[in-house]
Amino acid sequence: MANEIIEGILEAIRLIFTFDPEVWGIIEVSFRVSLTSTFLAALVALPIGSFIGLRKFKGKRGVTNLINTFMGFPPVVMGLIVYLLLSRNGPFGTLGLLYSTTAMIVAQFLLAVPIITGTAKAAIESVDPALKETVLSLGANERQLWWELIKHSKKSIIAGFLVAFGQAISEVGAVMIVGGNIRWETRTFTTSIVLQTRMGEFGMAIALGVILITIAFIVNYGLTRLQTGAD
Amino acid sequence: MANEIIEGILEAIRLIFTFDPEVWGIIEVSFRVSLTSTFLAALVALPIGSFIGLRKFKGKRGVTNLINTFMGFPPVVMGLIVYLLLSRNGPFGTLGLLYSTTAMIVAQFLLAVPIITGTAKAAIESVDPALKETVLSLGANERQLWWELIKHSKKSIIAGFLVAFGQAISEVGAVMIVGGNIRWETRTFTTSIVLQTRMGEFGMAIALGVILITIAFIVNYGLTRLQTGAD
Amino acid sequence: MKLLQVQNLNKEYYKGDKSVIGVLSDINFSVKKGECFVIIGPNGSGKTTLLKIIGLLELPTSGQIFYDKKDLIKISRKKKVEYRRKFSFVKQKPVVRNTTVFNNIAYGLKVRGIKFDDYQKSVDEIIKFIGLKGMEKQNARSLSGGEMQRVAIAMNFIINPEIYLLDEVSANLDSMNLKLLDEFIMKIKQDKEKTIIISTHDPLEAIKYADRIAVLNNGQIAQIGTPNEIFTAPKDEFTALFVGYENILYGIAELDKATGLSKIKVNDLIITASSQQEGDVKVCIRPESIGIVKGPPKNTSYRNTFKGIVENIRELGNICHLIVKCKSEKFLITITELSRKNLGLEIGSQVFINFKATDITILSS
Amino acid sequence: MKLLQVQNLNKEYYKGDKSVIGVLSDINFSVKKGECFVIIGPNGSGKTTLLKIIGLLELPTSGQIFYDKKDLIKISRKKKVEYRRKFSFVKQKPVVRNTTVFNNIAYGLKVRGIKFDDYQKSVDEIIKFIGLKGMEKQNARSLSGGEMQRVAIAMNFIINPEIYLLDEVSANLDSMNLKLLDEFIMKIKQDKEKTIIISTHDPLEAIKYADRIAVLNNGQIAQIGTPNEIFTAPKDEFTALFVGYENILYGIAELDKATGLSKIKVNDLIITASSQQEGDVKVCIRPESIGIVKGPPKNTSYRNTFKGIVENIRELGNICHLIVKCKSEKFLITITELSRKNLGLEIGSQVFINFKATDITILSS
Amino acid sequence: DYLNAQNPEKITLATTTSTYDSGLLDFLLPKFTEQTGIQIKVLSVGTGTAIQYGKDGNADVILVHSRSREDDFINASLGVAGVPYGIHRACIMFNDFIIVGHSSNPANLQTGDNITKVMIKLRDAMDTGNMTFYSRGDDSGTHSKEKTLWAEIGIIVETRWVGQPDRYTETGQGMAATLLMTWEDVDAAHEGYTIVDRGTWFSFNETYTSLKILAESIIGEDLLLNPYGVIPVNPVLHPHVKYLSVSRFIGFLTSPYGQALINAYRKNNAVLFHANFGICDVNSSCPTTDDEIAIWTPFQAEFAGLTV
Ligand SMILES: Nc1ncnc2c1ncn2[C@@H]1O[C@H](COP(=O)(O)OP(=O)(O)OP(=O)(O)O)[C@@H](O)[C@H]1O
Ligand SMILES: Nc1ncnc2c1ncn2[C@@H]1O[C@H](COP(=O)(O)OP(=O)(O)OP(=O)(O)O)[C@@H](O)[C@H]1O
Ligand SMILES: [Mg+2]
Ligand SMILES: [Mg+2]
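Chains as they are written, first to last, in this note's numbering: chain A, 1 to 231; chain B, 1001 to 1231; chain C, 2001 to 2365; chain D, 3001 to 3365; chain E, 4001 to 4308.
Read the hints as simulated data drawn from the structure, not as lab findings.
Hints may contain errors.
[To be verified] Quick list of simulated restraints, FRET-style, between CB atoms:
1. C:Thr2226 x D:Ser3062: 34 to 40 Å
2. D:Glu3058 x B:Ile1218: 47 to 53 Å
3. B:Arg1014 x E:Gly4082: 42 to 48 Å
4. B:Lys1058 x D:Lys3121: 26 to 32 Å
5. A:Arg55 x D:Arg3112: 40 to 46 Å
6. C:Lys2179 x A:Arg55: 50 to 56 Å
7. E:Leu4078 x A:Leu223: 44 to 50 Å
8. D:Gln3120 x B:Arg1055: 32 to 38 Å
9. A:Ile6 x E:Glu4206: 46 to 52 Å
10. C:Thr2226 x D:Glu3183: 31 to 37 Å
11. D:Lys3121 x B:Pro1047: 33 to 39 Å
Bear in mind the structure is a predicted one, so any value in this text is a computation, not a measurement.
Don't be surprised by glycine CBs; every beta carbon is placed ideally from N, CA and C.
Using the sequences plus the hints, can you model the full thing?
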């Protein structure tokens, strides 16, 4: 036990400082795919989430339920669905996107949207209605009101974003299926870790985990500054 | 494409209504493990998250960063760590917990704790400080204040819980490693889906996905009532 | 010209136990352009609800609100923003955005698409005016109660709306800042294009600002009229009890350089006041401030003494209300029953009324 | 006995631009058990901050607060809860929990571990008392401004603390509910075990409730004294300008059954008032309400006429302040300069002062 | 679960995905349980993991197909303090590897090409950019075999096509996924080839109809054979393992009854595995030693007389 973990940490340090090109490639793919997908998801999910949070409409509870359910959509199934769509005999087969980082971004995007939508909705709903009234009475239109509420519930929204990013970067089922874990191309930290695990190289798997966590910590440091910052 | 999905849905209906014992066993294991782990995680994470959210202390930003990072802890790595701990030659090997649902609960619990902690912290921090003052001035002690703030930020906290549950029920890396995907014992929806996918049974994989999503919807329905309820 | 017309307005809420409670019922009134309309009523009478509905922040259960003949209740979401921009709304409990004083005050202009360079000066000016110079960069959430109230006022006044909705706007303001508010409101009243609707539970505030007053009781309008009508001739007991009594006279003030006092011509009376106002004014004299003497008083500090006839007497326990007519003006006077008996006052008695120049309130109108 | 002692208290905040601003500086005072201590000051003078520090809701930058000789600033987090339970704190801007009126009012008792059965009756009673019967189940967030203020008051009064901290407690209350508040406070004042600290910017409120007043200006205490000291002998210009002037006399009232008026013995004077109070009272007579006549007045409605000697004259532009001593009491009187000249008043002149029974305010003390 | 761990009537088998996914174990194990009452928990994982589980004592017995790593597993000098991780390997069956690719066959593989020729043709086609070879790249039995084949023509894949996934794609995944990726690669310029065990191939040949067998073992050549070995975990190293029950299990697999069952198993009407315990000729890859045969023979008695 202790062996593998210490061995893993030492290996992690070695890999980082020898600038192993394969490891750096994996870092690049992992973060590019997960950051892109989460940001794109935020672009789509924030408006949707806040719309649902702001408005009252028939069937709101149903929609809420659906979002909550899709927060737990199994990545493997999402991977399968995206695979079937991009497969050579699927509807988008001719695009030739399968086994590319684009496909991985699509899958993670679809997984992140409900998470960000759900947390944004809850955050917007938690805002004091008096603030909403004040902003409206000052002449804000819907878009401006929306932006105000987003700013106001920044903390919870960033927390939601971080959860989604965390899930994306640590997710393996979907990227494995649609990305193919192709060495030098679509291999990410997690698919790599799975591979090492399958090979019984637990030490190496942990080394990769250590590197991933370390870099994620640095990335989060930036995002967290937003959260604990100005506010 | 359409084939597999339609086939999957039909198969899902058939499996549910023929009361296929294997499928029901899988349902039982999946939900028992994920609900238990998420509830236990909430028990631990709510106090921690609100403590961090409530108090000001040195190194708070560091702790926040750490929590945010651990929100994205790769399940596979968590699986490995728990494996190493519970392994026969690991520190807790004599308990013989490996390849049991208990081991799966432990792994998912560890994954859920940071998610719930992080969202609870953000939710508690979003509460109007004036409410905090009022509650304190009425003579609430720390525990009572804490409970008040939790109730107040119910929506965001439930959203965080739902995210954690969603991740748990759809997670595959950790349960695969520590549970072993043993038929009739530790096989869950997700490990089963992976197996079916590996075997090229995409229709069956999707059928299981459909069932999982449907039941998750029903479970969430209950939890969501809390969220949109009284408040 | 009726700018705003409220018709058959009703508002109901669901109580905790799901029973329906009517908060406003069958409200009808209209407000003219340039008018200052004050809604006065006790706590819970529905003032805030009414203002919120007018400000398009809440929907009525039924009824119409016409603005320039357009029914505001029925218009689309998008149109509502457009109309909402014609209103400003100072809330009873001011809420500020979690940002600096400057940004809060500038917000209304910013959402209207005005650029920083174009609003910076006017925001700075209004900050100075409300006495918060030097606090521009302070987070508005950390302001004191009165400071926040002033920010809320500035926030709403800077957008220069058609109609000002002011909900208990003077709450939390100390006497000095109240004067500031008076200045603000008087300035708006001078602009005949601007309309003001104020809610208050303070009769003095109603007198100060109102061209017309609506008395709200339990969600219904008890009386609408000029301040003088309301304060000297309340239609029902509720109004009488709630608003109290006050003599309100309209006149033209001139400053007497020699004495430093104002001479106010109210019809055929000349009233002396220690305030140094000029022009059109409202003269308020509390019924308790006026004394009655039988013979013409001499050698007193009372600057104002008029001869009159007791027109009416209303007995109210140990005190009574007299209506005394002096030339063409009527005065309401409160004295003790004992005094009345001692002086042998009856309807038709001739008396002299007395009040001090220092004991009247002059408001420019 | 000094119950609470505030020593060398300072509070600084960081402004937006990180510069430090002192909000309270070198505050020193002590409050006796059973006393009603009023802190009066303009907006932003630091009243709320001071109350929050006393209520252990905020930490001072430096200084001590002794409660029964124990320094509250230094005690542990846990002990703080214990001491906080000796205080109640009605906030300037009431905040209620997102639950029913009943639950809000009961909360303070609930956190003290009292069981539902034991508090239900008293909560119901206080709800009735504040006039919200029938609204128990309404969510307190949906209450009107005045209703919420009353809930906040009830919430804090029901816990029966040692010390009541009331921050601008009358804000948002209409005249009827103000009377209710008066009743509440008077009831507490009768209990000599209970101490009250009130902050206000309204001099009349200070007069109404205060045993002693501290005038706060810009974070510093300008003057501490009895209402009479503060209102008739303000130490500096700020206090004079801010609190204004008022004659406050202490006496014993007796009801005269025949006339329905009160006779109030103030030292060697008997003052007649139309209010029907009895017992220890405070008599407030505004300097503007008192008139001066040279000869003894006859046949007037002025129930109160006293002979006196002008002791002092202060000229203030077109008006002046006279101090007139009638037997052993001194009165501050505002008249116009013109009147003074006309009457030829000088220090030492003999005059008669006049004021109406209906024009004085009687407060039980 | 805790109780079950103490119960000798339940043993844990760590095996590679190919045996489990082919359905063979689901066919065999109930028959064993029926006879003995011993239940078997199957962990179907990668070869490396299965071996690691064995080393860690988390499995009682392993079933894998990677001869060199099996040898290491039972090699005393590579164990703990001279004690090997596993003992008494038994080779119970084999199947064979085939090379599949798209029917357009840009590498122009011909029936009858011997394996060396096949590998050279593949290398040339890859070098001209006409095809992509999909390698599992996961150190599995299949991957080891593939590397051996390249080594036959002097190629060390770790260095030859490094960073050229257009020519040599390492999927790092299981056989099914690799086969799927081979099939999906429709880029006419470089179509996919891969090496696959016949068992897995029969699970997919009806789905991936554009893939064809383009090369297979010719008689007398054992390079493409794929023998499976079963090894009990050494009870000296891990006293908690249920060595007795494992021995009965191996007795079952090696017994005539077990061997007949293996031969009888069909998927898509094809025989996937050939039983070979104790058979010693070139075509069975002859892996079992006499010692091993001697050890397991007594345990076969229990299953004598049973027929399929
Ligand atoms: N959402 C609501 N649900 C139930 N009752 C409500 C709601 N909003 C307001 N009310 C009730 O409607 C009545 C009128 O409220 P409103 O705020 O208009 O009073 P107000 O005249 O402004 O009083 P105040 O002077 O106290 O501010 C109150 O009794 C209040 O409790
Ligand atoms: N967190 C803070 N940061 C910076 N300045 C603050 C903060 N809190 C209060 N202040 C400033 O301290 C001063 C005193 O505030 P305080 O609320 O005590 O005034 P107050 O006497 O209660 O006034 P009011 O009558 O308006 O309620 C104000 O100028 C306010 O802006
Ligand atoms: Mg109101
Ligand atoms: Mg204050």
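Do the hints match the structure? See the list:
1. Between Thr2226 of chain C and Ser3062 of chain D the Cβ separation comes to about 57 Å, which falls outside the hinted range of 34 to 40 Å.
2. Take Glu3058 of chain D and Ile1218 of chain B: their Cβ atoms lie about 48 Å apart, and the range 47 to 53 Å holds.
3. At about 57 Å, the CB distance of Arg1014 of chain B to Gly4082 of chain E disagrees with the hint of 42 to 48 Å.
4. Distance hint check for Lys1058 of chain B and Lys3121 of chain D: the Cβ-Cβ separation is about 48 Å, which falls outside the suggested range of 26 to 32 Å.
5. Take Arg55 of chain A and Arg3112 of chain D: their Cβ atoms lie about 42 Å apart, and the range 40 to 46 Å holds.
6. Here the CB-CB span from Lys2179 of chain C to Arg55 of chain A is close to 44 Å, at odds with the stated 50 to 56 Å.
7. The supplied range of 44 to 50 Å is met by Leu4078 of chain E and Leu223 of chain A, whose beta-carbon atoms lie about 47 Å from each other.
8. A C-beta distance of roughly 35 Å is found between Gln3120 of chain D and Arg1055 of chain B, which places it inside the suggested range of 32 to 38 Å.
9. For Ile6 of chain A and Glu4206 of chain E, the hinted distance range of 46 to 52 Å is satisfied, since their beta carbons lie about 49 Å from each other.
10. Between Thr2226 of chain C and Glu3183 of chain D the CB atoms are about 34 Å apart, so this pair conforms to the stated range of 31 to 37 Å.
11. At roughly 35 Å, the beta-carbon separation of Lys3121 of chain D and Pro1047 of chain B lies within the given 33 to 39 Å, and the hint holds.
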